[in-house]
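Peer 1: The task is simple: from the sequences and hints, build the whole structure.
So the sequences go chain by chain: P and F.
For the first sequence, the positions run 1 to 879 when this note's numbering is used.
For the second sequence, the positions run 880 to 965 when this note's numbering is used.
Hints in this document: simulated from the structure, not taken from any laboratory.
Don't take each hint at face value.
As the list claims (entries may be wrong) - Stretch by stretch, here's where chain F covers chain P in the computed footprint (C-beta under 8 Å, at least three residues):
no., stretch
1, 131-143
2, 303-310
As the list claims (entries may be wrong) - For lysine-lysine, the following DSS-like pairs were computed, each having C-alpha atoms within a straight-line distance of at most 30 Å:
no., chain 1, residue 1, chain 2, residue 2
3, P, Lys583, P, Lys720
4, F, Lys918, P, Lys15
5, F, Lys947, P, Lys10
6, F, Lys923, P, Lys141
7, P, Lys9, F, Lys918
8, F, Lys909, P, Lys10
9, P, Lys834, F, Lys900
10, F, Lys905, P, Lys873
11, P, Lys205, P, Lys188
12, F, Lys947, F, Lys900
13, P, Lys140, P, Lys176
14, P, Lys562, P, Lys583
15, P, Lys205, P, Lys308
16, F, Lys909, P, Lys834
17, P, Lys547, P, Lys583
18, P, Lys301, P, Lys64
19, P, Lys15, P, Lys119
20, P, Lys9, F, Lys923
21, P, Lys834, F, Lys908
22, P, Lys834, F, Lys912
23, P, Lys834, P, Lys493
24, P, Lys834, F, Lys918
25, P, Lys834, F, Lys943
26, F, Lys947, P, Lys834
27, F, Lys923, P, Lys140
28, P, Lys633, P, Lys527
29, P, Lys9, F, Lys947
30, F, Lys908, P, Lys10
31, F, Lys900, P, Lys10
32, F, Lys923, P, Lys15
33, F, Lys905, P, Lys834
34, P, Lys834, F, Lys923
35, P, Lys524, P, Lys392
36, P, Lys10, F, Lys912
Cβ coordinates follow ideal geometry from the N, Cα and C atoms, glycine included.
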Amino acid sequence: MIMETNTPKKIAGMKFGILSPSRIRKMSATRIITPDTYNEDGFPITMGLMDPHLGVVEPGLRCKTCGQQVGKDGCNGHFGHIELAMPVIHVGFVKTIRDILRSTCRRCGNLLCEDSEKKDFLREYDEHIERDRSLTEFVKKVLGKSSNVKECPHCGRQKLVVELDKPTTFREAGHKLTPSEVREWLEKVSETLGNDLRLLEIDPKSAHPEWMVLTVLPIPPVCTRPSITLESGERSEDDLTHKLVDIIRINQRLQENRDAGAPQLIVEDLWELLQYHITTYFDNQTAGIPPARHRSGRALKTLAQRLKGKEGRFRSNLSGKRVNFSARTVISPDPNISINEVGIPIEIAKELTVPLRVTAHNIENAKELIQRGPNPVPPKGRIYISGVNYVKRKDGRRIRVTYNNAMDVAERLEIGSIVERQLDDGDIVLFNRQPSLHRMSMMAHRTKIMPYKTFRVSLSVCPPYNADFDGDEMNLHILQSEEAKVEAEILMKVQEHILSPRFGGAIIGGIHDHITGCFLLTIKKRKLSLGDTIQILSSINYTGDIKKGMTGKEIFSTILPKELNLRYRAQACMNCDTCLEEKCPYDSYVVIENGELKMGVTDGKSVGAFKGKIIETIAHDLGLEAASNFIDKVTKMGIAAISIVGFTTSIDDEDIPEEANMQIEESLSNAKKKIDQLVRAYNNGELETIPGRSLEETLEMEIMRVTGQARDATGEIASKHLGMDNSAVIMARSGARGSMLNLSQMAGCVGQQAVRGERIHRGYQHRTLPHFKKGDLGAAAKGFVSSNYKKGLKPSEYFFHSMGGREGLVDTAVRTSRSGYMQRRLINALENLKVENDGTVRTTGNVIIQFRYGEDGIDPTRSVRGDAVDIDKVIKEMI
Amino acid sequence: MLGVETMGFNILKHELVPYPKILSYKEIKKLLKDYDIQKEQIPKLLITDPFARAIGAKEGDVVKIIRKSITAGISVAYRLVVSSER
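Peer 2: Below you can see the structure in the form of structure tokens.
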């Protein structure tokens, strides 16, 4: 094999210039004169748009310019050119041309300023270059100064106003300038200014102003615009070719008409048409002209459209790459799978392969593997066994393994070949869900081949992926090298991401029913029958002793590591004024001693994602392996417990007795009275203003306060009648799902609706809806919803509620798009930064950004909720 | 060179402005050696920056910046004084 010399080189700079007509002719392989592409026999016409001098696309044919074939030899084609009958303005440069025309004299071509001023400009320019400063502002200044002159200081010609009539027409004092005239003017400018062109940020070495008016048009090689042969044998040309055909056709007609001495009007019309075609050839979305269309009415995709935007060359082909060895399908939950695993459909496993390098040590295994063929019959008791799809031999040949040749291929297997083995249980793969906003959006899992067609994931990894099962799809990537596998195992495995770098706590843990289950299991002194105990413990493959009449807390303790010592307040904590700690009447003070749950209930704050204290502590003190084990077990135990106790919720969970409803009504009418009082006080001018607020603002604030209190009061009344035997309350209190506010809105009252933080005030003149009197400032007229969700809202309340809801919806939409863009820019700016071994943060150029990572050098995943050391805990452990 | 005296307000006395120190030649050499870097790899501070003006830093100076930090207590950083961006 030939070794390629790959010396790394540093790019010192990049220079952009404009092609000169002579340069275009010089690099041209042929001149193009006919708009036709192929003759009747299907051969390209010489000097036509598909001239073989421009390179060839079909394999086997040879390029007439360099004699090489496409692809292998590496002929990417050659440019051709058209001689334009009349010059045409290049749309890409109209703004620059306008600036030059405005700041120079048409007669002498000089910059419209005194020589002394020009000298000053030149000096300033050199200074800018020396200091390496941006020239944008400077050029603006030069242009501004010299386009405000009435008369040329050099030749005395009156300066006329030059206007740009979009997109490509120039007018001097109302008179149209033809491209020829513009070109003459620009020629004069580059002649007189010479090197002084740099004042306009033009380098005369690489760009002359007159080159911005085209006299010769380069024709891109055929490879740039390949034609497609349809199944019917019909040829379909690329959009660019279509556009070039138009250009050549009009160019020809223009030439003929001009040479034949046709009337000026006709020539001008054709000239303008040529200008249109060339303009749309560059950019088919130029403002001010209709886009050129295909026969079907579809707008043509010309040069600018190929590069621009999301589907353009940059964002789609250069920044965005596609990969092999990947799969995508719908995800669904599997409560029995480990957080480190992912379930993979058999169909996918058969398609994806892992390369296996054959050595003296594994050649026998490899042979056996190949003998199975691509479609092995699984042995009894298994649903899947991996086969082999391809064998890559040492000479680079890839052999597809089939049922028929499997034996043969296995026989001839040599050391050094690569066997492409189908996916099997335990392979390490990357699993990802978009949007990939943080590093937990892509984690490594171990495979588990399963029947049916979805990826199966543990419920505990839903929070980091932000996944649910309403049709979400996820991507899977198979690692193709040993290094990658090891790296993924060490850095990317799910268990390595239990602790979030965002806040140093657990992001993976129990959710919903796991939390409810643990709550129900450990609440108060729940005692379980022997049968139930066995049922629960069997779910975690418990192997220790089982006593008769174990309490839920004892059962829960079986999965706690013996080294665990913890004390904290549970989620269910009522936040009493003075915490009674061990004597908590709600059993909300958790005490774990030597891995035994002595008291307290385990809920969201113990085992939940984002909050789980136990998970956090195990991950910090006993390692991630232990934490991942604990999560697997606690979720299974939670599910087992909730299945035994039984759990359901429905709207009648929000049923409250009649007396409670009366209390709520009374409380609401009291609030209404209070508001009426406030309004009356306001109307009579008796309201006392809050310092720094107007009278109106004071009233609004007071009313908002009262409505807020009213809602809370109803909530309190409602929750007084909803006890801990209520499923909805259990979920809210344990932190499994929903909040007490949700409940009080269902059972009590929905409360004040707001738009932009104020009571609803817009609508009709002096009122929100025609249901109210003009100028009514009362509660109901300004969007207070006194009904609850269960009872149902009154029509006007429903309307106000929609207004508030709409605002929320719009807010989230705006927020996501804006924060998404901000994220994109941040990532682009920071993606190459790296923490070096000395603790500094550096760029790829080794420039230091931070002398110590994050000022303190602390890895937030290893911190205790952001602190480097948990001093209190250390002290407690010492004593 | 300008100093604090010519400014209307002594920014160096403000709580958020770090404690200033201009490194000596020897200290710079040690710094470069400690981090195994060239001078250009140090983060930059514009000479027109009020802080640089206040302490009268010259182009090419390296300024030691000692800041109070909530998480680290005291954090130390260095800036190379330059006359223009890039």
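Peer 1: Against this structure, judge whether each hint is valid.
Peer 2: Hint by hint, here is what the structure shows:
1. 131-143: holds (count 3)
2. 303-310: This one is violated; 0 residues, fewer than the three required, reach chain F with a Cβ under 8 Å.
3. Lys583(P) - Lys720(P): holds (22 Å)
4. Lys918(F) - Lys15(P): holds (28 Å)
5. Lys947(F) - Lys10(P): Not OK: Lys947(F) and Lys10(P) at ~39 Å, beyond 30 Å, violated.
6. Lys923(F) - Lys141(P): Since the Cα atoms of Lys923(F) and Lys141(P) sit roughly 29 Å apart, the hinted pair holds (cutoff 30 Å).
7. Lys9(P) - Lys918(F): Cα-Cα ~23 Å, so holds.
8. Lys909(F) - Lys10(P): Judged against 30 Å, a Cα distance of about 29 Å means the pair holds.
9. Lys834(P) - Lys900(F): holds (28 Å)
10. Lys905(F) - Lys873(P): Violated - the C-alpha atoms of Lys873(P) and Lys905(F) are around 44 Å apart, more than 30 Å.
11. Lys205(P) - Lys188(P): holds (16 Å)
12. Lys947(F) - Lys900(F): Within the cut-off at roughly 15 Å; holds.
13. Lys140(P) - Lys176(P): Between Lys140(P) and Lys176(P) the Cα gap is close to 26 Å, so the pair holds against 30 Å.
14. Lys562(P) - Lys583(P): Holds. Lys562(P) to Lys583(P) sits at ~24 Å (cutoff 30 Å).
15. Lys205(P) - Lys308(P): holds (29 Å)
16. Lys909(F) - Lys834(P): holds (23 Å)
17. Lys547(P) - Lys583(P): holds (27 Å)
18. Lys301(P) - Lys64(P): It holds: about 28 Å lies between the C-alpha atoms, which stays within 30 Å.
19. Lys15(P) - Lys119(P): holds (26 Å)
20. Lys9(P) - Lys923(F): Within the cut-off at roughly 26 Å; holds.
21. Lys834(P) - Lys908(F): holds (24 Å)
22. Lys834(P) - Lys912(F): Since the Cα atoms of Lys834(P) and Lys912(F) sit roughly 20 Å apart, the hinted pair holds (cutoff 30 Å).
23. Lys834(P) - Lys493(P): holds (21 Å)
24. Lys834(P) - Lys918(F): holds (19 Å)
25. Lys834(P) - Lys943(F): The given pair, whose Cα atoms are some 23 Å apart, holds under the 30 Å limit.
26. Lys947(F) - Lys834(P): holds (24 Å)
27. Lys923(F) - Lys140(P): The given pair, whose Cα atoms are some 28 Å apart, holds under the 30 Å limit.
28. Lys633(P) - Lys527(P): holds (20 Å)
29. Lys9(P) - Lys947(F): violated (42 Å)
30. Lys908(F) - Lys10(P): Holds - the C-alpha atoms of Lys10(P) and Lys908(F) are around 27 Å apart, at most 30 Å.
31. Lys900(F) - Lys10(P): Judged against 30 Å, a Cα distance of about 36 Å means the pair is violated.
32. Lys923(F) - Lys15(P): holds (27 Å)
33. Lys905(F) - Lys834(P): OK: Lys905(F) and Lys834(P) at ~29 Å, within 30 Å.
34. Lys834(P) - Lys923(F): With a Cα-Cα distance of about 19 Å, the restraint between Lys834(P) and Lys923(F) holds, given a limit of 30 Å.
35. Lys524(P) - Lys392(P): Violated. Lys524(P) to Lys392(P) sits at ~64 Å, over the 30 Å cutoff.
36. Lys10(P) - Lys912(F): With Cα atoms ~25 Å apart, Lys10(P) and Lys912(F) stay inside 30 Å; holds.
Of the hints listed earlier, those the structure fails to meet are numbers 2, 5, 10, 29, 31, 35, in rising order.
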